[in-house]
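In order, the protein sequence lines correspond to chains A and B.
All residue numbers for the first sequence refer to the numbering used here, where the first residue is 731 and numbers rise by one.
All residue numbers for the second sequence refer to the numbering used here, where the first residue is 27 and numbers rise by one.
You may find that some hints are simply not true.
Some chain B residues judged to face chain A by a derived CB distance under 10 Å, without partners named [said to hold, decoys possible]: (1) L287; (2) L288; (3) V443.
Since the hints were made in silico from the structure, they are not lab data.
C-beta atoms are modelled at their ideal positions from N, C-alpha and C, and glycine is treated no differently.
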Amino acid sequence: MKLHEIAHGRAGDKGTTSNISVIAYRPEDWPRIEAEVTAERIAAIFGPDVQVDRYVLPQLFALNFVLKNALKGGVTRSVALDAHGKGLVYAVLDMRL
Amino acid sequence: MKILRIGTGAGFSGDGIGPAVDLARSGKLDYLVFECLAERTIALAQLDRLGDPAAGYDRRLEQRMRAVLPDCHRAGTRIITNMGAANPLEAARRTAEIAAELGLTLRVAAVLGDDVLDRIGPCVLEETGRPASDLGDRLVSANAYLGAEGIVEALAREADIVICGRVADPSLFVAPMIHAFGWPSIEDHRLIGQATVVGHLMECGAQVTGGYFADPGAKDVPDLATVGFPIAEVSQDGTAVITKLPGTGGLVSRATCIEQLLYELHDPARYFQPDVVADFSGVDFAEIGPNRVAVSGGAGTPATGRLKVSVGARDGWIGQGEISYAGPGAVARARLAGEITTERLAPLANLIEDMRVDIIGLNAISPVDPSAPEPREVRLRVAARCAEIEAARAVSDEVEGLYLNGPAGGGGVATMVREVIGIRSAYLPRAEVETHVHMFGEPA
Numbered sequence: 731m732k733l734h735e736i737a738h739g740r741a742g743d744k745g746t747t748s749n750i751s752v753i754a755y756r757p758e759d760w761p762r763i764e765a766e767v768t769a770e771r772i773a774a775i776f777g778p779d780v781q782v783d784r785y786v787l788p789q790l791f792a793l794n795f796v797l798k799n800a801l802k803g804g805v806t807r808s809v810a811l812d813a814h815g816k817g818l819v820y821a822v823l824d825m826r827l
Numbered sequence: 027m028k029i030l031r032i033g034t035g036a037g038f039s040g041d042g043i044g045p046a047v048d049l050a051r052s053g054k055l056d057y058l059v060f061e062c063l064a065e066r067t068i069a070l071a072q073l074d075r076l077g078d079p080a081a082g083y084d085r086r087l088e089q090r091m092r093a094v095l096p097d098c099h100r101a102g103t104r105i106i107t108n109m110g111a112a113n114p115l116e117a118a119r120r121t122a123e124i125a126a127e128l129g130l131t132l133r134v135a136a137v138l139g140d141d142v143l144d145r146i147g148p149c150v151l152e153e154t155g156r157p158a159s160d161l162g163d164r165l166v167s168a169n170a171y172l173g174a175e176g177i178v179e180a181l182a183r184e185a186d187i188v189i190c191g192r193v194a195d196p197s198l199f200v201a202p203m204i205h206a207f208g209w210p211s212i213e214d215h216r217l218i219g220q221a222t223v224v225g226h227l228m229e230c231g232a233q234v235t236g237g238y239f240a241d242p243g244a245k246d247v248p249d250l251a252t253v254g255f256p257i258a259e260v261s262q263d264g265t266a267v268i269t270k271l272p273g274t275g276g277l278v279s280r281a282t283c284i285e286q287l288l289y290e291l292h293d294p295a296r297y298f299q300p301d302v303v304a305d306f307s308g309v310d311f312a313e314i315g316p317n318r319v320a321v322s323g324g325a326g327t328p329a330t331g332r333l334k335v336s337v338g339a340r341d342g343w344i345g346q347g348e349i350s351y352a353g354p355g356a357v358a359r360a361r362l363a364g365e366i367t368t369e370r371l372a373p374l375a376n377l378i379e380d381m382r383v384d385i386i387g388l389n390a391i392s393p394v395d396p397s398a399p400e401p402r403e404v405r406l407r408v409a410a411r412c413a414e415i416e417a418a419r420a421v422s423d424e425v426e427g428l429y430l431n432g433p434a435g436g437g438g439v440a441t442m443v444r445e446v447i448g449i450r451s452a453y454l455p456r457a458e459v460e461t462h463v464h465m466f467g468e469p470a
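Based on the sequences and whatever the hints tell you, model everything.
So this is what it looks like as structure tokens:
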């Protein structure tokens with residue numbers, strides 16, 4: 731099963747840091763998301779240069795991941811196609827559970 | 027009990043004007059807020075102002091004001107905006123002229139003091155660890171993120187329209203709450219924290235009413251084409267109902283609100299603002315009716331006493347080019363095109379600070395999935411940030427050269443060269459940043 735089937739989210743940017751939310755559609759899926767979508771699994775997607783912190787908002791059935799160094803050069807200086815990293819949330823939602 | 031009605035008329039500089047007109051006409055609003063100033067926008071506006079001292083404010087200010095002023099005047103709706111960008115004084119003067127041309131008597135305030143270019147030199151930049159003065163003549167702008175204070179003063183002086191430059195986005199919404207409810211102190215951190223939650227939900231316009239949310243089959247949004255901009259119905263205690271106008275498209279739900287709450291948030295318990303360190307960790311939402319979501323649970327702790335400053339500097343040039351390949355072997359041909367372009371650019375290596383060679387359709391946005399089937403159409407993209415414009419031009423020229431000198435079947439070349447205005451961060455003690463309000467149309 732892909733995370734996309736049970737959760738949604740949005741990516742935001744500040745400087746070289748991206749944040750990506752992962753939100754359960756249904757409360758019954760929350761324990762599984764909280765247990766399986768760890769900072770380590772997110773770090774494995776983005777590689778060794780990116781430092782990942784995870785924050786838990788249980789009343790919202792939501793996780794917030796903060797990815798330092800995910801936006802190389804910062805939004806204003808980046809040579810990336812998606813300089814804001816807006817699409818990175820779908821790389822996370824593509825995770826297999 | 028008084029309910030304060032605040033609408034968002036724009037969540038970025040290029041936002042649609044029609045939904046703002048709908049809000050001005052039918053929203054029965056106390057306040058209409060236009061948030062139009064992204065990180066880099068003010069530095070670009072400063073460059074405009076260097077070319078023309080009367081420029082440097084949002085280029086769509088006049089269009090927006092003409093579109094909403096008559097309805098706002100009729101409804102008694104006051105306007106708050108950061109469309110002043112690098113020149114709030116001139117933006118306010120121009121707005122007062124537009125009001126007069128429309129036959130409306132309106133008081134217009136400019137909130138000044140965010141421009142700290144004259145004292146930024148010794149401040150250390152977060153990204154480089156070096157003082158801003160090291161940027162020399164590349165330094166373009168330095169703007170502190172002001173809090174609610176200047177806007178509150180302007181409203182107390184009965185401004186109908188308040189025009190700011192750089193102000194923390196949530197403060198554009200917190201200020202009218204402080205004014206309207208007569209909250210006694212900006213030191214009531216729980217209250218200002220909750221108000222900041224409401225401001226944060228509202229500041230990106232349609233991003234809380236179903237914009238930037240639709241994912242067909244997973245997250246459907248009705249009538250996205252006619253998405254309405256948000257309204258916050260705020261109570262004396264800072265709690266609010268987020269909604270939109272009846273008859274508009276879009277969706278206000280618990281899910282749209284949670285996505286926007288976490289947007290651009292780091293530690294939810296510590297959202298740094300000029301007036302408060304807001305705590306979003308206990309926020310909760312309740313769907314209380316169709317497209318009506320109640321928000322509560324925001325809190326806060328004292329502000330840090332220092333203001334973040336956005337420092338803009340000229341930072342070289344980006345040259346880029348794209349070319350498409352389709353059909354059998356498309357990915358292999360795009361890959362070869364990237365390799366030979368890289369080889370041809372090798373002599374410029376010392377002028378290239380950063381470069382990416384991506385295949386759009388394969389790996390340009392997210393990491394490669396080796397299990398995915400090979401796409402039938404892809405687009406090579408080469409982009410490099412260079413110290414000199416000539417090197418940036420060479421990058422886009424090499425991509426265009428792939429027409430005659432690259433692999434078979436490449437088509438649809440597009441190239442671009444642009445100057446980079448990089449934004450970095452510094453901090454100033456709050457005491458070193460003084461806010462002033464200048465009024466136009468105030469009785470003598």
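Cross-check of the supplied hints:
1. L287: 8 Å, holds
2. L288: 4 Å, holds
3. V443: 13 Å, violated
In summary, the structure is inconsistent with hint 3 from the numbered list given earlier, while agreeing with all the others.
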